[in-house]
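Undergrad: Below, each chain spelled out in residue letters.
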Amino acid sequence: MRSRTIASWLTASLLAVGGLAGCSPSGTPDPTSSPTTSPVAVNTTLPTEPVQLTIAYCDAHPVEDLIDGFTALHPNVTFDKQYEDCGNFSTDVINRLTSDSAPDLVQYVDSAIQTVAPAGHVLDLAPYLAAYGWESKFPASELAQLQLSPDGKVHGVGAQYGIPGGASFTGVFYNKTLLRQAGVEAPPRTLQEFQIALKAVKNAGLTPIALGSLDDGGIHLWGGLLTSLFGVTSAQDWVNGRPGSTIDLAGAVEATAELADWARQGYFPASANGTKEDDARAQFAQGQAVFTVDGSWAVGTVRQGLGDQVGFFSFPGRSSADQASGQGFTAGFAISARSAKADVAAAFLDYLASAEAARISVGLGMLPVNIDTAPAPDPGVASDLRQAYAQAVQDSGIVTFYDHATVTMHTTLTQGLQAVIAGQLEPADFIASVQADWEASKG
Amino acid sequence: MRADRPRSAAKAGLAPSGRSAKPVGRPGPGRRRQWSGLWFVLPALLLYGGLILYPAARTINLSLWRWDGVNQATWRGWANYVDVALDPILRGSILHAGLLIVFFSLIPVGLGLVWASLLTRRRIRGLAWFRLVFFLPQILPLVAVGVIWRWALAPQGLINQVLGWFGLDQGRAWLGEWDYALIAIGLIGAWVQSGLCMMLFMAGCGRIDRELYEAVRLDGAGPWREFWAVTWPGLRSEVGLALTVTVIAALASFDIVFVTTNGSPGHRTDVPGLLIYQRLVAGDLGHAAALAVVLSGLVLLAALATSRLSRSGEER
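Each protein sequence line maps, in turn, to chains L and P. Count along the first sequence from 1, then add 27; that gives the number in the numbering used here. Count along the second sequence from 1, then add 909; that gives the number in the numbering used here.
These aren't lab readings, by the way, just hints derived from the structure by calculation. Please note that a few of the clues may not be correct.
Said to hold, decoys possible - Non-contacting residues of chain L with respect to chain P, defined by C-beta distances greater than 10 Å in every case (computed):
| # | residue |
| --- | --- |
| 1 | F106 |
| 2 | G210 |
| 3 | D264 |
| 4 | D305 |
| 5 | G334 |
| 6 | D370 |
| 7 | T435 |
| 8 | E453 |
To be verified - Here are some of the chain L residues that sit facing chain P, going by a computed Cβ distance under 7 Å:
| # | residue |
| --- | --- |
| 9 | T118 |
| 10 | T125 |
| 11 | S126 |
| 12 | P145 |
| 13 | A146 |
| 14 | L241 |
| 15 | S298 |
| 16 | N300 |
| 17 | T302 |
| 18 | Q442 |
| 19 | Q445 |
| 20 | A449 |
| 21 | Q451 |
To be verified - Computed footprint of chain L on chain P, listed as stretches where at least three residues anywhere in the stretch have a Cβ under 8 Å from a Cβ of chain L:
| # | region |
| --- | --- |
| 22 | 975-983 |
| 23 | 1074-1082 |
| 24 | 1183-1194 |
Glycine residues also receive a C-beta, built at the ideal position from the N, C-alpha and C atoms.
Same shape as in the complex, but just chain P (with noise of 0.2 Å):
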């Protein structure tokens, strides 16, 4: 036990690496800090705490008044989560973005594992072209995306032609229909993150050593068994990263349903973000606030839980 303690200190580069070398003069790392390394972090600290933690701690104030920006506020307590909880509207967003996450997340790393998997396979002519054309949604702008996708499923718009040729066009409005409009939001999200997480995982393959595919093979495993066996605890943590990233964009998508159909048709495609929005520029910023804390709140939890994640598949 004894003969551990240095061991574990000089690890974590706390202290010297033996008792009896301890310099004189100079007070032990133990006894009392060294504040003076504050002034190195103050800037950071400042920036952060000013435009971070006053600007959270504030909005969590917030959520606490009625307030409209400009008169008198009331105070709410937690009245406003309240209405997070039992409004129909505020509630249905938070289970719109649940959702999402199929769309913006799970879809994604799936199709990312295949083509991944695909394309380190074996070398394939234009290999960066196929990175750059699946990468491409990644770049754009999400309101770029978000425009041209309203009018690819417009009535007239691409998707409608595309049907026409096999019959099926009824010139519906995609974004308009009842049953169909978050689903139509679901699978822009996933265009746009599908090249993301295949990126990703390609990056990942790159660093898997060869040599445990080909022993693998010289074992006689196919494609199926390779991929259980190497590519995919090879990918764990870039899995774990596209998770964390993708279930964020999900839960915190604004811009792609801001442009396309800004909660249309009958609250059916509310997500939170626009939820905040709208009651924002309607001058409502307690149920603003309120929304926004527990958005934070699920997105944290998110993080924590998918970084968890793959945090046990390294140590696995």
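Next up, chain L with everything else stripped away, as it sits in the complex (with noise of 0.2 Å):
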């Protein structure tokens, strides 16, 4: 008896707190302590004496050395790394760009960014922009991928809350021994060539294609298929969360039925839904699988495994006149409405743009901003990999990664497409579920 009168005592004070605390989460808003937007007048000039730039981030690579690179210029420019795991890093930036003590500089987040920008935490680059002539010094297409509407639901319009640091693009990497060894001459360049050759591999013997779609590696595939069968304006005006855009089309469900019938074809391991993208890679370098669908990133680690034998093409499009096509975003930065120091933090922002940070870029095996100033990479698959960039820069066919369309688009992608691959989820009714994500953060 009387344990039930505690209970009921605690239940009704906590529903009384509860209902005390009726007003509104997050309060009312300031107005005399909400940040400034956008600095009245820039000065491009840097000062003489010392100053220091707080910058959080996640990649230590390229960011730490393009820091070295811009401080060895300016010594008198002197940065507080604070480096942060890229598994936190989203939730991270958020709590950094709202608290007090923000930093002046971070690694531009796209999930994060959306969410704070609205609040008015995140500068608006306009006026350096104009003032340093950002337009001609980065790709137009790198530089929509980090403007944001007001509401920070559509890309590509609106604000410029980040600049550039460096580029990622996805396509398919290829073992040429092992290809050849199926019977397959040359890498194909349409999708039904592709579809020939996955088969010819999987009658000889060899697994077509290594996938880890535990986490990622499942979107860069069906990526790469949507990409080609949806189409390339399609998919980049749903990604941007342009009003009214929908992927419950066609093309959509086609590229998730295309890999749907890949699975049964069996041509990914069947330990696909239980394996990592690291892994897929490492099988692919260890030459385990003649194929895998991955991005920039990974040419390091199967240029090591596999020296020479391994090359890289775009996702092929269904005719070989169609527009060269990937996913990439552009790994950015942005600043901090409250940093005092804007100025010089734009003086690093412009630096990205310079031949010397595209030199660093290019040493880092990594696909440089600004392709005209890059120096050549070295001969192989990261020549082959420049190449088919540059021809999708060229025809305007990179579109952001999908699971950017939204913030839990990711978790959406990655679980529903182990469904597909598994044979568990109708591809239409995958696809239906995507577009409920997308209309419940969009609508």
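Using the hints, put the two chains back together into the complex; each one sits in its own frame.
TA: Here it is in structure tokens:
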């Protein structure tokens, strides 16, 4: 009896406190303390006295290399480097940019910026864009990925919240020796040729595609099929969150059905759903599969394992005349709206367009922001990748990673594609669930 | 009736033993409360209020809003709870937690009873060693447990190697298998919790009067009869405790799932704790809080049910 009294008293008091705190959790925004989102006047000349910038980032390379390159040119500018693991970085960026002691610079994380930019925590770089002439220094497609509408829901329009620091690009890596062994002489140029090659490889008793769909691998493979069959423009509009867009169309269902068919044909190892993309990449690098769909970041690993036996091509389209395409996102930087040293931070952003910064990126085996100023990469797979990327830039075929569409899209796609690969979810139902996620966020 | 009253009052430690013995000049305990006692519980009350009650109330409040943690919140009322009830993913996670109770709780309690009765039946050499081995999973951090089992259950892992000795290795990634992933997680949980149950039950067996065993043996009872007549009744409260602890571990599981599958494949291993975390980092605080409230309610219900079970056993 007594315990029941205590329990009911406890419940009642909890409910009472819950009710008392019935005001909006965010409280009323205080207009006097809300940071300004755009500087009044900008200064493009660096001060000569010592200045320290704080920077929060999760990709040690190339961020630290670029910082070193910048401080070598401007010894009076030093950096307080605040490294954070990439797994927690998105939450970390939200917490840091909304705190009173926000860092001057943060590595751009799409989901975090979408959340904090509408509340005015990120500087609109428009004045610097004009002052430095960044529009002619950076590719328009790269800049567009870092633009966001005032409500944070639409990409490619509105304020310029970030400046690109390095590009990424997905496509197909292939093992030249194994492909020839299966009787296929040249890498496929159309989706149909790709299907024929996969069948030939399977018939030769080899594993066609190394796939790690436990995490990102499924998204990258499906993304290749989707861009080819759904089309670059409709895909980009959808990822950008353009009002009225839908993915619930025949091309997307067809792409998903193709993936399901590849799974049924046994083109992936049976363990794909329990394998991480890193591990699938390692399998490919050890010569256990003929193809893998991965990104520019994989170049180092596959080159180390396979040397000049590995090549790269863009995910093929329906016809060889289709525009070259791939998914990617630029690793950029944003400036806090609270930064008192925005002018100095902007000078660092301007440095990212320099030939010196491009040289550093290429030295790390990465894709430079500005391919025009960058030195040529090593021959082999890095050169294949650069060529494919340059072609896609020229064809305006670079689509932002599909999981950037909403903050929950990564989970929706990863888990949904696992079900498709396991043969447990109909392609049309999968696409409908993806669109439902999109509408819940953009609607 | 009247004669009863002093006795029960004294038992409760509230009143002096006799009516006439009431001291003069001091207020009777029934008339005025001694508020000075509050000062002694104040530090604990502040801590409990600040660390448990306030956050709990805040969570209940948050569960009624749509809020990303930064921008203006919008009122949703009970809509988040409706979503928990209707969203197949959220609802599925609660069903998964229910299935995990079998593995985290029922199997370990069953195994623990078997081991404990086997190990206490007669003196066994190296008993301390057995205890240590079976209890080892319990002292490992769950994240380490998850990593170890992720390796063991990988395509080239220990489990497949063992299966390979019998020609059964098909290179499966058990944690990525549509039908087996949740069961695999359940078995990891059973591995962790069994040692705890065994330790609890062995300690309980130690309290049972040896003479009872002798008595049933003299009456000609076999091991089976001995278990039901002596061991089981003697262990009721330990079984209740083990059930409470392990059922809570099943419902509130997070670490093992987060490290091994993260909900894969295709939401087959989603559990409420994992979804709360995922919604939280995705900036969906309202649904995270609503699911947290529902989960807390379930845990509370389970704890009440299991404690009632063991208490009714004691009274019998």
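Undergrad: All hints are to be evaluated individually against the structure, with a verdict given for each.
TA: Now for the hints, and whether the structure bears them out:
The beta carbon of F106(L) sits about 26 Å from the closest Cβ of chain P, which is more than 10 Å, so the claim that it is off the interface holds. For G210(L), the shortest C-beta to C-beta distance to chain P comes to about 25 Å, beyond the 10 Å cut-off, and the non-interface label holds. Every beta carbon of chain P lies more than 10 Å from that of D264(L), the smallest distance being close to 23 Å; the non-interface claim holds. A cut-off of 10 Å between C-beta atoms confirms that D305(L) is not in contact with chain P; the least separation is 13 Å.
Distance check for G334(L) against chain P: the nearest CB is about 24 Å away, which clears 10 Å, and the non-interface claim stands. Remark: the non-interface label on D370(L) is consistent with the geometry, its nearest Cβ contact in chain P lying 26 Å away (cut-off 10 Å). Not every Cβ of chain P is farther than 10 Å from the Cβ of T435(L); the closest lies at roughly 5 Å, contradicting the non-interface assignment. Consistency note on E453(L): stated as away from chain P, and its beta-carbon is indeed over 10 Å from all of that chain's, at 12 Å minimum.
Evaluation of the T118(L) hint against chain P yields a held restraint, the C-beta minimum of about 5 Å falling below 7 Å. Because the beta carbon of T125(L) sits about 6 Å from the nearest beta carbon in chain P, less than 7 Å, this interface hint is met. For the restraint placing S126(L) at the interface with chain P, the shortest Cβ-Cβ distance is roughly 11 Å, beyond the 7 Å limit, so the hint is violated. Against a cut-off of 7 Å between C-beta atoms, the interface hint on P145(L) holds, since the closest Cβ of chain P lies about 6 Å away.
At a threshold of 7 Å, the smallest CB-CB gap from A146(L) to chain P is about 5 Å, leaving the interface hint in force. About 6 Å separates the beta-carbon of L241(L) from the nearest beta-carbon of chain P, less than 7 Å, and the hint is met. Using the Cβ-Cβ criterion of 7 Å, the hint placing S298(L) at the interface with chain P is satisfied: the shortest such distance is roughly 4 Å. With a cut of 7 Å, the hint placing N300(L) at the interface with chain P holds, because the nearest CB-to-CB distance is about 4 Å.
Nearest Cβ of chain P to the Cβ of T302(L): about 6 Å, under the 7 Å cut. The hint holds. Checking Q442(L) against chain P by beta carbon gives a least distance of about 5 Å; that is within 7 Å, so the hint holds. Against a cut-off of 7 Å between C-beta atoms, the interface hint on Q445(L) holds, since the closest Cβ of chain P lies about 4 Å away. The interface hint given for A449(L) holds, since its Cβ lies 4 Å from the closest Cβ of chain P, which is under the 7 Å cut-off.
Because the beta carbon of Q451(L) sits about 6 Å from the nearest beta carbon in chain P, less than 7 Å, this interface hint is met. Judged by the Cβ-Cβ criterion of 8 Å, the region 975-983 of chain P is covered by chain L as claimed, because 7 of its residues qualify and three suffice. With 4 residues having a Cβ less than 8 Å from any Cβ of chain L, the region 1074-1082 of chain P passes the three-residue criterion, so the hint holds. Counting residues of the region 1183-1194 of chain P whose CB falls under 8 Å from any CB of chain L gives 6; the rule of at least 3 is met.
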